[in-house]
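Protein chains: 2
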Amino acid sequence: MSERNTQIRMKRHPAGMVTQDDFELVQSDLPALADGEALVRVKYLSLDPYMRPMMDPVRSYVEPLKPGQLMPGGTVGEVVDSRLDALPKGALVASMLGWQTHGVVNATNARLVDPELGAVSTALGVLGMTGVTAHYGLLELGKPEPGQTVVVTAASGAVGSVVGQIAKLKGCRVVGIAGGPQKCRYVVEELGFDACVDYQAPDFAQQLAAATPDYVDVLFENVGGPVLDAVLQRIADHARIVLCGNISQYNATEPYGLKGMRQLLMHRVTVHAFVIADHRDYWPAAQAELSKWLREGKLKYREDVSEGLPNAPQAFIRMLSGGNFGKQLVKVS
Amino acid sequence: MSERNTQIRMKRHPAGMVTQDDFELVQSDLPALADGEALVRVKYLSLDPYMRPMMDPVRSYVEPLKPGQLMPGGTVGEVVDSRLDALPKGALVASMLGWQTHGVVNATNARLVDPELGAVSTALGVLGMTGVTAHYGLLELGKPEPGQTVVVTAASGAVGSVVGQIAKLKGCRVVGIAGGPQKCRYVVEELGFDACVDYQAPDFAQQLAAATPDYVDVLFENVGGPVLDAVLQRIADHARIVLCGNISQYNATEPYGLKGMRQLLMHRVTVHAFVIADHRDYWPAAQAELSKWLREGKLKYREDVSEGLPNAPQAFIRMLSGGNFGKQLVKVS
Numbered sequence: 001m002s003e004r005n006t007q008i009r010m011k012r013h014p015a016g017m018v019t020q021d022d023f024e025l026v027q028s029d030l031p032a033l034a035d036g037e038a039l040v041r042v043k044y045l046s047l048d049p050y051m052r053p054m055m056d057p058v059r060s061y062v063e064p065l066k067p068g069q070l071m072p073g074g075t076v077g078e079v080v081d082s083r084l085d086a087l088p089k090g091a092l093v094a095s096m097l098g099w100q101t102h103g104v105v106n107a108t109n110a111r112l113v114d115p116e117l118g119a120v121s122t123a124l125g126v127l128g129m130t131g132v133t134a135h136y137g138l139l140e141l142g143k144p145e146p147g148q149t150v151v152v153t154a155a156s157g158a159v160g161s162v163v164g165q166i167a168k169l170k171g172c173r174v175v176g177i178a179g180g181p182q183k184c185r186y187v188v189e190e191l192g193f194d195a196c197v198d199y200q201a202p203d204f205a206q207q208l209a210a211a212t213p214d215y216v217d218v219l220f221e222n223v224g225g226p227v228l229d230a231v232l233q234r235i236a237d238h239a240r241i242v243l244c245g246n247i248s249q250y251n252a253t254e255p256y257g258l259k260g261m262r263q264l265l266m267h268r269v270t271v272h273a274f275v276i277a278d279h280r281d282y283w284p285a286a287q288a289e290l291s292k293w294l295r296e297g298k299l300k301y302r303e304d305v306s307e308g309l310p311n312a313p314q315a316f317i318r319m320l321s322g323g324n325f326g327k328q329l330v331k332v333s
Numbered sequence: 334m335s336e337r338n339t340q341i342r343m344k345r346h347p348a349g350m351v352t353q354d355d356f357e358l359v360q361s362d363l364p365a366l367a368d369g370e371a372l373v374r375v376k377y378l379s380l381d382p383y384m385r386p387m388m389d390p391v392r393s394y395v396e397p398l399k400p401g402q403l404m405p406g407g408t409v410g411e412v413v414d415s416r417l418d419a420l421p422k423g424a425l426v427a428s429m430l431g432w433q434t435h436g437v438v439n440a441t442n443a444r445l446v447d448p449e450l451g452a453v454s455t456a457l458g459v460l461g462m463t464g465v466t467a468h469y470g471l472l473e474l475g476k477p478e479p480g481q482t483v484v485v486t487a488a489s490g491a492v493g494s495v496v497g498q499i500a501k502l503k504g505c506r507v508v509g510i511a512g513g514p515q516k517c518r519y520v521v522e523e524l525g526f527d528a529c530v531d532y533q534a535p536d537f538a539q540q541l542a543a544a545t546p547d548y549v550d551v552l553f554e555n556v557g558g559p560v561l562d563a564v565l566q567r568i569a570d571h572a573r574i575v576l577c578g579n580i581s582q583y584n585a586t587e588p589y590g591l592k593g594m595r596q597l598l599m600h601r602v603t604v605h606a607f608v609i610a611d612h613r614d615y616w617p618a619a620q621a622e623l624s625k626w627l628r629e630g631k632l633k634y635r636e637d638v639s640e641g642l643p644n645a646p647q648a649f650i651r652m653l654s655g656g657n658f659g660k661q662l663v664k665v666s
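As they're listed, the protein sequences go chains A and B. Heads up, the first sequence is in this note's numbering, so the first residue is 1 and it goes up one at a time. Heads up, the second sequence is in this note's numbering, so the first residue is 334 and it goes up one at a time.
Do not rely on the hints blindly, as some may be mistaken.
[As the list claims (entries may be wrong)] Here are the simulated DSS-like cross-link-like pairs (lysine-lysine), alpha carbons at most 30 Å apart as the crow flies:
#, chain 1, residue 1, chain 2, residue 2
1, B, LYS501, B, LYS633
2, B, LYS501, A, LYS259
3, B, LYS592, A, LYS143
4, A, LYS259, B, LYS476
[What the hints assert, rightly or not] Per the computed footprint, the stretches of chain A lying under chain B, defined by three or more beta-carbons under 8 Å from a beta-carbon of chain B, are:
#, stretch
5, 36-42
6, 248-256
[As the list claims (entries may be wrong)] Across the chosen pairs, the derived CB separations fall in these ranges:
#, chain 1, residue 1, chain 2, residue 2, range
7, A, GLY257, B, ALA610, 45 to 55 Å
8, A, THR108, B, ALA621, 43 to 53 Å
9, B, GLU396, A, ASN109, 49 to 59 Å
10, B, ALA542, A, VAL62, 14 to 24 Å
Read the hints as simulated data drawn from the structure, not as lab findings. Because the structure is a prediction, the values reported are computed rather than measured. Even glycine gets a Cβ: it sits at the ideal position worked out from N, Cα and C.
Using the sequences and the hints given, assemble the complete structure.
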């Protein structure tokens with residue numbers, strides 16, 4: 001093969017807002033295969049908010065990245081060379097190859113993707129990490145009951161859009177929070193939420209109060225910061241907050257000071273923070289249910305596809321400020 | 334009877350720090366008894382931090398107090414007149430008569446106190462609301478395992494002192510946080526905690542880090558504010574935070590902005606806020622176990638007794654700024 005591997009690595013730890021200068025593009029020869037390995041040419045790379053805190057040199061749920069390391073990330077791609085019977089040439093596989101055009105997988109760190117279940121890119125979205133995150137967080141931690149009010153932040157995003165649609169399937173009143181009228185329209189008209197409130201509106205708090213007359217039983221929280229404080233003012237007794245993301249704070253040099261802690265106590269709220277990587281056993285059943293809903297037309301999704309690996313840093317920076325509209329992907333090949 | 338009833342009522346909603354002018358003392362005739370009622374002369378009134386947020390006119394877990402209403406509170410006293418066979422004259426009863434010298438109880442809102450179990454005042458402390466709060470919060474929500482690190486704020490207080498002693502009985506490493514060297518010495522030398530850190534010390538954060546080398550698996554939180562932020566920097570993966578009180582913030586006009594929300598997500602923490610009044614079924618078994626430990630000498634407690642109902646406001650104000658040392662009581666008669 002005359003192909004070469006292209007990687008995007010973290011050049012340095014970002015100082016607050018991540019910039020293109022925090023990344024570097026590196027080319028190298030394709031890796032050689034050992035027995036039991038397969039070479040994958042990446043088709044899609046998933047860009048996700050969790051990557052940003054990994055770039056900070058602080059104690060976290062994973063080892064923080066060091067300068068010079070490959071940016072991590074979920075990928076789906078095609079096997080182009082194989083010394084592993086389970087993953088023959090031509091097979092589609094999902095794995096965590098990171099921000100690169102090619103990578104090596106083995107039987108334990110890759111799963112076959114069935115193209116009958118949906119477009120191959122859904123293995124990174126509604127049928128992949130973000131879909132399973134939504135399923136687990138809402139149903140196992142939020143435990144919404146029919147008729148209860150579920151609020152979802154980043155409602156048009158990869159996780160939030162699935163959360164809200166599942167909550168509707170479970171008979172809840174679902175209120176989204178999103179940035180701007182276009183996303184809000186999509187959330188209500190396409191995804192079927194009962195309401196969506198624009199957090200950029202000057203009367204956001206009043207709109208949120210009007211949309212939650214019976215207060216908020218489940219908050220699925222992806223954003224943090226002042227949006228979280230606003231929802232805390234509407235929290236119901238015995239509410240559950242599912243803490244899945246904190247995207248408003250990932251680039252902050254000074255963290256937002258959350259003022260509504262009193263509300264947690266006054267309303268006997270439970271807060272469940274989680275990352276789906278802790279719950280590997282949960283994936284197969286959730287993926288089966290999600291793909292059933294997808295086939296039945298009950299789950300809609302939207303993708304925001306950036307073309308070419310070199311554009312990944314720019315797409316990542318845009319996503320962190322809410323500039324994407326739907327699941328952020330990079331089409332690598 | 335020639336006795337009269339004395340009450341302390343909330344005169345007005347406090348503006349920030351509660352003052353003596355927010356209360357008024359009112360005298361009235363003793364109430365007449367109907368069939369099925371008993372008249373109680375209060376011996377001890379319990380003063381507890383939860384009373385402060387009830388004085389604010391905001392949505393909470395109970396109806397906020399209105400100006401002119403009797404201050405609420407747990408009491409223990411003696412039946413001095415009875416038209417109820419189950420509570421004969423001379424019986425000792427615990428109930429919620431509030432800040433007054435006399436009150437009327439019936440079969441459903443009072444429980445007999447067995448003086449064999451401990452001093453009568455313990456019905457308001459280690460064998461009463463604060464003891465059951467500690468037992469439920471630590472064991473049902475915190476779920477500490479032997480060898481894990483439990484941190485307790487307001488460690489010398491009515492709830493914190495019981496939490497830490499139970500955690501020691503369960504084989505945990507227990508670190509208290511308290512205000513000043515005298516309280517810290519008591520927590521370690523008398524209550525048997527492994528360590529106690531003075532939050533007033535200039536190097537508090539460093540001392541806390543040194544006392545929690547394996548991070549914090551369970552935080553039993555009574556204080557909030559910057560102390561909570563400091564512990565969040567030491568939180569362990571999959572930690573449980575039991576949110577029982579927020580005393581540092583009850584008098585605040587501007588709530589403290591909590592900066593450590595990111596820690597909850599990074600370490601997949603669960604936060605359980607609760608009030609023990611929601612869990613009435615839990616009381617009998619917890620009280621039985623607490624009185625067994627008390628008889629066996631495994632539970633120590635300390636009381637801070639203020640003399641006379643008219644001194645209740647002053648004692649309450651002092652308690653809210655941490656001036657008490659042990660369970661705050663008022664000896665009413």
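To see whether the hints hold, each was checked on the structure:
Taking the CA atoms of B:LYS501 and B:LYS633, the gap is about 12 Å. The hint holds against a cut of 30 Å. Between B:LYS501 and A:LYS259, the direct Cα distance comes to roughly 33 Å. Violation of the 30 Å bound is thereby established for this hinted pair. Proposed proximity of B:LYS592 and A:LYS143 is supported: the alpha carbons are some 28 Å apart, at most 30 Å. About 28 Å separates the Cα atoms of A:LYS259 and B:LYS476, which keeps this hinted pair within 30 Å; it holds.
Proximity of the stretch 36-42 of chain A to chain B, defined as three or more residues with a beta carbon under 8 Å from a beta carbon of that chain, is not established by the 0 residues found. Residue count for the stretch 248-256 of chain A with a Cβ under 8 Å from a Cβ of chain B: 3. That meets the three needed, and the coverage hint holds. Between A:GLY257 and B:ALA610, the C-beta spacing of about 30 Å breaks the proposed range 45 to 55 Å. Taking the beta carbon of each, A:THR108 and B:ALA621 are about 51 Å apart, inside 43 to 53 Å as hinted.
In this structure, B:GLU396 and A:ASN109 meet the distance hint of 49 to 59 Å, their C-beta atoms being roughly 57 Å apart. Distance hint check for B:ALA542 and A:VAL62: the Cβ-Cβ separation is about 22 Å, which falls inside the suggested range of 14 to 24 Å.
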